[in-house]
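Asks: Spelled out from the first residue to the last, the chains are:
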Amino acid sequence: MDLSLTPQQQAFREELRAWLAQNVPLAQPRSARETMQERFERLRCWQRRLYEAGWAGVAWPKEYGGRGASLIEQVLFLEEMARAQAPPLANTLGLALIGPTIIHSGTEEQKQRFLPKILSAEEIWCQGFSEPNAGSDVAALRTSAILEGDHFVVDGHKVWTSYGWAADWCALVVRTDPSRPKHQGLTYLLVDMRSPGVQVRPLRQMTGESEFAEVFFHQVRVPVGNVLGEVNAGWEVAIRTLMHERATLGATLTVVYRRSFDRLVELAKERRRNGKPLAEDPVIRQKLAQAYTELEIFRLNQMRAVSRASSSGTPGPEGSILKIFWSEYNQRFQQLAQEILGPHAMLEESSPEALDSGAWAYGYLRARGNTIEAGTSEIQRNIIGHFVLGLPKSY
Amino acid sequence: MRYELSETQLLLQKSAREFLASECPMTEVRRIAETPTAHDPQLWKKMAAQGWTGMIFSEEFGGMGLGLVEMAVIFEQMGRFLLPGPFHSTVTLAGPILEATGARTLVETISQGTALATVALVEETAELHPAVWQTRATESAQGWRIRGRKLFVPDAAVADWVVCAAQREGELALFLLKSDAGQLADLKSMDLTRRLYAVEWEDAPAELLARGQAAHMALEHALNVATVALVAEMVGGMQWILESTVSYAKTRKQFDRPIGQFQAVQHMCADMLLWTESSRSALYYAAYALQERLPDAATAVSVAKVYAADAYRETGNRGIQIHGGMGFTWENDLHLYYRRAKACESLLGDNRHHRERIARHVLNGSDSASGSEQKGNGWLSK
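Each protein sequence line maps, in turn, to chains A and B. So the first sequence is residues 155 to 549, counted in the numbering used here. So the second sequence is residues 6 to 387, counted in the numbering used here.
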């Protein structure tokens with residue numbers, strides 16, 4: 155066990171810090187009333203700036219525009235970005251999930267074609283896995299692809315597609331052989347969202363925003379060259395994407411959550427009840443200490459998972475532990491914030507009395523989705539039960 | 006950056022595990038737990054022969070000079086096998102105080118396995134705050150005399166020496182007493198593997214070890230080390246409960262299938278794994294932070310203690326629940342761990358104590374790069 159960074163890793167971090175200190179203030183600021191589309195364009199510009207300076211795809215191979223560094227540097231990058239309060243990158247799914255899957259399972263031609271444009275944000279990606287009748291049981295999906303000459307013809311309906319409305323490309327899982335058992339008839343396709351027959355309809359979430367969308371495919375033609383991996387072997391490829399989803403998200407969240415926690419502590423020191431700062435109330439002190447304890451555990455679990463993935467090369471099912479932990483932590487934390495801050499915490503951005511521009515009201519509602527998105531807590535516990543502990547499958 | 010154990014540390018883990026599996030199987034644990042003091046001198050000799058009694062003391066004090074991560078590795082195995090007796094109190098609580106206060110001869114005899122020692126701190130209120138401790142030291146022509154009553158003193162009946170915290174002219178001081186100088190009463194704690202005592206002294210002769218700031222620092226240091234060792238035992242105990250329960254869930258059948266196939270059972274097992282692994286992450290970070298003197302070391306120790314205390318108890322709750330009626334029997338070993346879990350939660354600062362210690366760090370920012378011990382984020386400051 156040795157948690158120190160190598161001199162190269164320290165140098166990497168210092169160089170990055172200096173770059174962020176100079177460039178974060180130059181990024182276009184968030185305007186109060188910007189639309190989702192305007193926000194997206196702003197983030198796309200920011201990602202391009204990072205790409206041009208060589209900071210996008212830290213752990214990706216150099217020949218495809220990456221930096222060729224290790225997973226540790228990648229995590230340092232995410233942490234420093236969050237610490238500098240830099241805007242997020244536009245191509246979240248392309249960078250965190252789909253790019254790494256293409257690096258692992260793609261042909262040389264696919265890597266050359268897709269990876270540099272993921273990094274430069276020239277092509278934004280979305281993920282087409284879930285369907286109205288295939289949520290937790292995603293392998294039951296029914297969107298079909300039938301081979302006609304050198305094209306697949308795709309028909310079906312995907313849902314909960316984050317950034318579907320902004321995407322240029324979609325990592326789509328389809329059924330190519332309905333006669334086989336459900337996990338063995340799936341294929342992973344890379345689909346141009348500008349193809350005729352693709353229709354996107356934004357979905358409004360309980361927070362009021364539309365991060366995700368429904369996507370309809372009607373007789374969409376996809377060249378066979380856009381199959382990722384083998385035909386009918388799409389499940390293994392999809393699982394890899396899902397494991398990346400569980401393993402990498404945490405690095406950013408540890409810092410984002412710490413910032414929220416620190417802000418809550420600040421507020422607890424400023425705001426008074428019974429004439430005394432909330433931070434002097436013994437009950438609140440106990441609860442804040444408990445939240446800090448859990449936040450630390452999350453940071454340490456995350457650090458341990460990264461260390462393990464960087465020695466074994468690929469994220470494993472332990473990612474499910476992280477996913478359960480951060481999603482349930484955030485729900486407890488948001489409730490604690492409501493409890494500490496009182497009625498002001500429920501006021502939304504448009505309220506004249508809103509606290510922190512309605513961030514606490516938004517945070518509370520948004521957290522409700524955490525135990526559902528990226529695999530529900532129930533599915534994560536099934537995965538741990540079966541794949542980690544070796545208990546018999548329940549379904 | 007490498008969070009996992011090194012090859013050498015893994016070898017140490019393996020040898021500790023093999024030693025305990027052969028020398029301290031559950032039949033032995035039960036036999037020793039039924040003796041009046043829960044201590045087996047034969048087992049002690051064998052552990053001393055391994056060098057374990059001197060594991061964390063410097064070589065100049067006759068020890069092995071292992072780091073705290075290595076200590077945690079061995080204690081994790083001790084917790085897994087539910088090692089009974091005074092090892093924890095002698096080696097991780099009394100030992101570090103004696104080493105820090107320069108009691109070289111005694112540390113050497115502890116390292117050799119020929120002396121046992123314990124520490125007497127809390128009193129009627131069970132608070133880990135020197136300000137409320139009433140035990141007094143007075144100086145006479147014959148030397149120092151101690152008068153007072155201490156509670157929750159571990160293994161006092163088998164210890165040769167007792168380190169006692171007392172008030173001396175309004176400041177904290179640490180004294181060393183022969184164990185037969187006081188009156189003992191077994192407190193009948195629910196942990197059958199580790200005895201706790203009340204100890205009362207009426208003008209008992211004592212030797213001054215340290216006072217004032219030096220006493221505070223020695224005590225802080227020992228409490229941090231002992232807590233890391235205790236958390237390591239807790240992680241080992243959780244691991245045992247997890248493995249026993251998962252294996253039971255795979256073989257016990259109801260409704261013609263293993264109960265582990267039911268999601269209600271699977272999800273409890275998944276939570277047990279989550280608690281155990283999360284406690285392990287916190288344990289090794291705390292051990293590493295203390296060993297490397299990182300600025301957040303003291304807080305990391307409290308974080309590990311708070312989390313592991315809840316985790317061990319809840320892992321025990323689920324483990325017994327999944328075992329059903331069998332889990333509630335005396336014959337099943339689960340209750341021995343469940344009892345230990347409660348003792349671990351309550352001793353060396355309960356969760357209320359440690360959360361307040363964390364709150365001081367988080368709300369008052371009292372940790373600093375120069376180390377927490379001087380900066381009032383200690384165990385002992387109110």
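If you're looking for bench data, these hints aren't it; they were derived computationally from the structure. If you're wondering where the values come from, they're calculated on a predicted model, not measured in any experiment. Virtual Cβ for every residue (Gly too), placed ideally from N, Cα, C. Treat the hints with care, since some could be wrong.
Only pairs whose alpha carbons sit at most 30 Å apart, straight line, appear in this in silico DSS-like list of lysine-lysine [unchecked claim]:
#1 Lys19(B) / Lys336(A)
#2 Lys441(A) / Lys347(B)
#3 Lys336(A) / Lys347(B)
#4 Lys51(B) / Lys547(A)
A few chain A residues that face chain B, going by a derived Cβ cut-off under 7 Å, partial list only [said to hold, decoys possible]:
#5 Leu357
#6 Met360
#7 Thr361
#8 Leu454
#9 Asn455
#10 Gly539
Asks: Any of the earlier hints contradicted here, and which numbers?
Replies: As far as the earlier hints go, 1, 3, 4, 5, 6, 7 are violated by this structure, in ascending order.
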